[in-house]
Amino acid sequence: MMTVETRDLMLRYRETTALDGLSFALEGGKIYGLLGRNGSGKSTLLSVLAAFRKADEGDILIDGEPVFENPRVTRQIALIRENVDVPDTDDKIERVLEFAACYRPNWDADYAARLLDVFELDPKKKVKELSRGKQSALGAVLGLAARAPLTMFDETYLGMDAPSRYRFYDAILDDYIAHPRTIIISTHLIEEVARIFEEVVIIDKGRLVLHEPVETLTARGATVTGPAEQVEAFADGQTILNERQLGRTKSVMVYGQVTDEQRQHARDTGLDLEPIALQDLFVYLTNSKGDAQ
Amino acid sequence: MFDERSPIYRQIADQIKGDILSGALAEEEQVMSTNQYASFYRINPATAAKAFQQLVDEGILYKKRGIGMFVAMNARTTLLRQDRECFFTEFVDPMVAKARAIEIPLAEVIGHIQRLAKEEAR
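These protein sequences, in sequence, are chains W and D.
Just so you know, numbering that gives the first Met the number 0 puts 230 at position 231 of the first sequence, and the rest follows in order with no gaps.
Just so you know, numbering that gives the first Met the number 0 puts 112 at position 113 of the second sequence, and the rest follows in order with no gaps.
Keep in mind the hints are simulated off the structure, nothing from the lab.
In the DSBU-like style, the derived pairs of lysine-lysine whose C-alpha atoms are separated by at most 35 angstroms in a straight line are:
#: 1; chain 1: W; residue 1: LYS29; chain 2: D; residue 2: LYS49
#: 2; chain 1: W; residue 1: LYS204; chain 2: D; residue 2: LYS49
#: 3; chain 1: W; residue 1: LYS53; chain 2: W; residue 2: LYS125
#: 4; chain 1: D; residue 1: LYS49; chain 2: D; residue 2: LYS63
#: 5; chain 1: D; residue 1: LYS62; chain 2: D; residue 2: LYS49
#: 6; chain 1: W; residue 1: LYS204; chain 2: W; residue 2: LYS29
#: 7; chain 1: W; residue 1: LYS127; chain 2: W; residue 2: LYS29
#: 8; chain 1: W; residue 1: LYS91; chain 2: W; residue 2: LYS127
#: 9; chain 1: W; residue 1: LYS29; chain 2: D; residue 2: LYS62
#: 10; chain 1: W; residue 1: LYS123; chain 2: W; residue 2: LYS91
#: 11; chain 1: D; residue 1: LYS63; chain 2: W; residue 2: LYS29
#: 12; chain 1: W; residue 1: LYS91; chain 2: W; residue 2: LYS125
Using the sequences and the hints, build the whole thing.
Pasting the structure below:
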């Protein structure tokens with residue numbers, strides 16, 4: 000499986016630092032969620048992983064090899080960006096697919112044709128005539144049918160309506176099950192797609208916030224609700240992400256190891272424990288002071 | 000499809016347990032694969048695998064190398080014991096607490112249960 004490793008990546012645009020010493024290692028063969036706020040460096044990171052751009056400093060190893068100007072590796076990578084990368088938007092979809100078939104070593108033309116049906120794309124239509132959502136759908140087709148050992152989707156859902164997005168997530172999951180590979184999905188619509196992630200990488204201001212299996216992360220916190228006094232006793236010594244009070248009832252979101260004994264004790268004392276949704280954890284982990292969303 | 004209040008893998012594990020208790024899944028019967036579960040529930044296969052692992056740890060399922068997961072011999076008995084152990088704390092105690100909260104005399108609750116018992120006996 001295609002491993003992905005970055006070490007101390009730095010990349011500056013004129014005045015902003017997009018990647019600021021970013022290091023992480025993915026063992027591959029999983030579906031990864033890449034999460035971060037606007038301007039956190041997600042798109043920049045994916046561009047350097049796909050060798051569309053070179054980092055100022057640091058190393059990237061894909062499958063153990065440097066990626067930049069290394070066609071042996073870049074042939075194995077598909078990055079679908081917000082704006083569909085096609086040579087000529089005057090081309091019809093069928094021409095775009097023929098072109099993809101030429102340069103994608105694992106291209107599956109039958110699967111591409113099935114996906115056109117799934118997303119209701121007419122192969123005779125020109126790319127420039129497509130709506131925003133249909134352009135994203137074309138990106139989804141190009142990314143999935145490429146069957147690249149490292150497949151990355153950078154917010155490939157813009158303009159798609161909810162049914163199309165769900166078809167996209169289902170298609171990713173089904174095709175991943177049939178053809179396991181390393182898939183990285185960057186998104187803002189965390190709740191919708193969280194169930195198909197195995198691990199998440201959260202970045203903020205070009206730095207790594209965390210990289211963990213989704214289950215570990217969501218098991219790390221809980222929302223505790225009940226009589227204020229008992230809730231406070233439970234939350235004592237824990238990292239509190241958020242608290243709300245309604246009369247004598249208090250609700251506190253704690254982040255940290257909650258042991259089974261603590262959970263049992265909470266239930267026995269009449270407290271209500273709920274898991275924290277990934278989206279909520281993400282908001283609190285990346286919500287730096289002064290610029291609350 | 001899933002209740003937001005407990006982790007997905009635990010819900011899948013509970014569902015499999017429910018199927019074993021109801022007899023929908025027999026002892027020594029093969030369980031669907033993690034991939035089948037993942038694709039049915041639209042979740043990552045690792046999440047489904049975690050549910051299976053939990054059931055293996057509890058002795059409910061066992062793995063046959065290269066074939067798949069099977070319901071363990073005596074799985075139903077084990078589950079019945081587990082469920083019986085927590086029946087009073089999980090169902091009866093909250094029921095009594097609720098009855099008290101809305102001021103239903105316990106005698107009335109007991110009377111209702113006795114009527115149900117009589118109907119069953121008929």
